[in-house]
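Trainee: For reference, the chains in residue letters:
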Amino acid sequence: MSRDSALVSADWAEKNLETPGVVFVEVDEDTTAYDGGHIPGAIKLDWKKDLQDPVRRDFVNQEQFAQLLSERGISNDDTVILYGGNNNWFAAYAYWYFKLYGHGDVKLLDGGRKKWELDARPYSKDLPQRARTSYTPQAPDLSIRAFRDEVVQAIGAKNLVDVRSPDEFAGRLLAPAHLPQEQSQRGGHIPTAINVPWSKAANEDGTFKSDEELAKIYGEAGLDQSKDTIAYCRIGERSSHTWFVLKELLGKENVKNYDGSWTEYGSLIGVPIALGDEPGKA
Amino acid sequence: MTAPNTAAGCAAPDQSAPLPAGVDLEKETVITGVLRTTTGEPVGGGYVRLLDSSGEFTAEVVTSPEGLFRFFAAPGQWTLRALSRQGNGDLSLDATRGVNEVGLNVAA
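Protein sequences, first through last, are from chains A and B.
Residue numbers for the first sequence follow the numbering used here, beginning at 45 and rising by one.
Residue numbers for the second sequence follow the numbering used here, beginning at 1449 and rising by one.
Isolated chain A, as found in the complex (with noise of 0.2 Å):
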């Protein structure tokens, strides 16, 4: 993968919104953003109600992917632009489930949401209609996902890369900071996991840094080139986030989103957890 292939320009977007064929859908966690005004012609994917499981705590299994893509009118041969707000958080985080379930022709809009507010492009309020498909999704790649007990295995041996806020990383805080702060689990972050905040590859106007910037911001942090890499935050999306500058902008094999994140190790009886601002030992 490459940025070419991964990512699209705003204004790429607003010339191919009535191509056939590109199907653009905003992903976010809080909907009423679409609801107000959206990129025309967009669907939208709400990231609690339609991608995780009501019940299970887990995200969507191949059969309701394919219900929802399907019943959304997604097809399997559909150039999928994904954005949102968040800096694209939700939408990376989709971005990872399309290619988990093998979508051919996924991309995320550079920049999102705040991109096309900050240069002024129009919205829209209309619900398009889409026909129903018969969509069918690959079974789940889980080399790009991470399970907990890979985790607690990859400490000393793999990268790990937190990239929530230091202040999350050094567990002054359990939340980000526009959230209330009162959580059950501890702080802290994974022995040996380098921190390198999300924000870090983000322009102040939510597009990606350049391929050389990028390369530059992981390798100072220590980031080990000969070694496989598991990212992880809170609840999953921001590592996406990284998962997708990682292995879909700088190309880096075997890279994988532990979606269980914080919110999952940070419960676990018995693991270690490091505090402080230093990555800890093994």
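Among the hints, a few may not be true.
Stated by the list, open to error - Pairwise CB distance ranges (calculated):
hint	chain 1	residue 1	chain 2	residue 2	range
1	B	Arg-1533	A	Asp-268	29 to 35 Å
2	B	Ser-1502	A	Arg-192	29 to 35 Å
3	A	Asp-55	B	Pro-1513	49 to 55 Å
4	B	Leu-1539	A	Asp-185	42 to 48 Å
5	B	Ser-1501	A	Asp-163	28 to 34 Å
6	A	Ala-183	B	Leu-1539	48 to 54 Å
Stated by the list, open to error - According to the in silico footprint, chain A covers these stretches of chain B (three or more CB under 8 Å from chain A):
hint	stretch
7	1501 to 1509
8	1528 to 1538
Note that these hints are calculated values from the structure, not bench results.
Glycine included, each C-beta is placed from N, C-alpha and C at the ideal position.
Start from chain A and add chain B according to the hints.
Mentor: Below, chain B without anything else, positioned relative to chain A:
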């Protein structure tokens, strides 16, 4: 889950909603205000980011239609950085525990 606002996700909550009942102002450091143009018009749909004392990104919210924004931070030195269609703006503050109300303006 009985806690009303432990937000299962990470997206910024509705900025115009009143402070959730579960928020303990003895413990929380809330930074809040209204984003306005230099002529005093509220700026809805603007982006306000919270930067820590080293200038590092900490969080970002979208202002409500009334221009409201709110962060849950910690006592100390912070910078607010606003981006909007109407222009950009910055403000530094020394936050203390409880509610810190600030005025933030954008200019083209």
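Trainee: Take the hints in turn and mark each one as holding or not.
Mentor: Evaluated hints:
Remark: the range hint 29 to 35 Å for B:Arg-1533 to A:Asp-268 is contradicted by a beta-carbon distance near 43 Å. As the Cβ distance of B:Ser-1502 to A:Arg-192 is approximately 32 Å, the hint placing it in 29 to 35 Å holds. At about 28 Å, the beta-carbon gap between A:Asp-55 and B:Pro-1513 misses the expected band of 49 to 55 Å. Checked against the given bound of 42 to 48 Å, the beta carbons of B:Leu-1539 and A:Asp-185, roughly 45 Å apart, stay inside it.
A hinted range of 28 to 34 Å for the beta carbons of B:Ser-1501 and A:Asp-163 is consistent with their spacing of about 31 Å. A:Ala-183 and B:Leu-1539 have their C-beta atoms about 51 Å apart, which keeps the hinted 48 to 54 Å range intact. Coverage of a stretch by a chain is defined here by at least three residues with a beta carbon nearer than 8 Å to that chain's beta carbons; for the stretch 1501 to 1509 of chain B and chain A the count is 6, and the condition holds. Counting residues of the stretch 1528 to 1538 of chain B whose C-beta lies closer than 8 Å to any C-beta of chain A gives 4; at least three are required, and the coverage claim holds.
Figure legend: structure checked against the earlier numbered hints; hints not met, in rising order: 1 and 3.
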